[in-house]
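Protein sequence lines correspond, in order, to chains A and B. Mapped onto this note's numbering, the consecutive letters of the first sequence carry residue numbers 3 to 116. Mapped onto this note's numbering, the consecutive letters of the second sequence carry residue numbers 43 to 150.
Because the hints were derived from the structure by calculation, they are not lab data. One or more of the hints may lead you astray.
Said to hold, decoys possible - Okay, the calculated beta carbon distance ranges per label pair:
{"#": "1", "chain 1": "A", "residue 1": "Y12", "chain 2": "B", "residue 2": "I145", "range": "40 to 46 Å"}
{"#": "2", "chain 1": "A", "residue 1": "S84", "chain 2": "B", "residue 2": "A59", "range": "42 to 48 Å"}
{"#": "3", "chain 1": "A", "residue 1": "I14", "chain 2": "B", "residue 2": "R64", "range": "33 to 39 Å"}
{"#": "4", "chain 1": "A", "residue 1": "T24", "chain 2": "B", "residue 2": "Y90", "range": "25 to 31 Å"}
Ideal placement from N, C-alpha and C gives every residue a C-beta, glycine not left out.
Spelled out from the first residue to the last, the chains are:
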Amino acid sequence: EAQVTQNPRYLITVTGKKLTVTCSQNMNHEYMSWYRQDPGLGLRQIYYSMNVEVTDKGDVPEGYKVSRKEKRNFPLILESPSPNQTSLYFCASKATGHSGNTIYFGEGSWLTVV
Amino acid sequence: GIQVEQSPPDLILQEGANSTLRCNFSDSVNNLQWFHQNPWGQLINLFYIPSGTKQNGRLSATTVATERYSLLYISSSQTTDSGVYFCAVEEYGNKLVFGAGTILRVKS
């Protein structure tokens, strides 16, 4: 089954404690991306990656890091989380080129920073 | 960048009613998708529809790319249709730009 898997799904953490949200896809997609969703603001892109070892900033990259060492994985790293990073996070992947443009989302990760 | 506007922002329906949700975008696009976010937060693909009309059960969508809008039709609404409906268009670099969404509440 084609899927994007995120972990953890729910997390409460404290300010300053580094955390990583993992994302893995099994569709051999080149493109992967992270979004955050906040009330009244919709989904905003944090970082994206067009392929292995290629990453770029989205609209709201401050306070986040990513890496793309393998095609299937695209972890989101919060080096020193702050309360304003409390949000619902989505990982997504998509094939590029003519092989299909539907974007697939993970189930979301609810993060609370206290 | 591309601006995406959705209307209405909120909609309350009686079960069995029909509705039309609208998405306007400010520039030509190669990709437009509709999503449903259920009460548990999951985003579900409804349609990939850069142009033309598609139907899937009680849902259908039409995109008129030359006039820069898309419509999502929900017929015979059910309580399980409740949630937030997002329209998203693809900008450069495969980036999806989302509208703010339409919150739909279907009452039994």
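So, going through the hints one by one against the coordinates:
| no. | hint | result |
| --- | --- | --- |
| 1 | A:Y12 <-> B:I145: 40 to 46 Å | violated, 23 Å |
| 2 | A:S84 <-> B:A59: 42 to 48 Å | holds, 44 Å |
| 3 | A:I14 <-> B:R64: 33 to 39 Å | holds, 38 Å |
| 4 | A:T24 <-> B:Y90: 25 to 31 Å | holds, 27 Å |
The structure does not agree with numbered hint 1 stated previously, though it agrees with all others.
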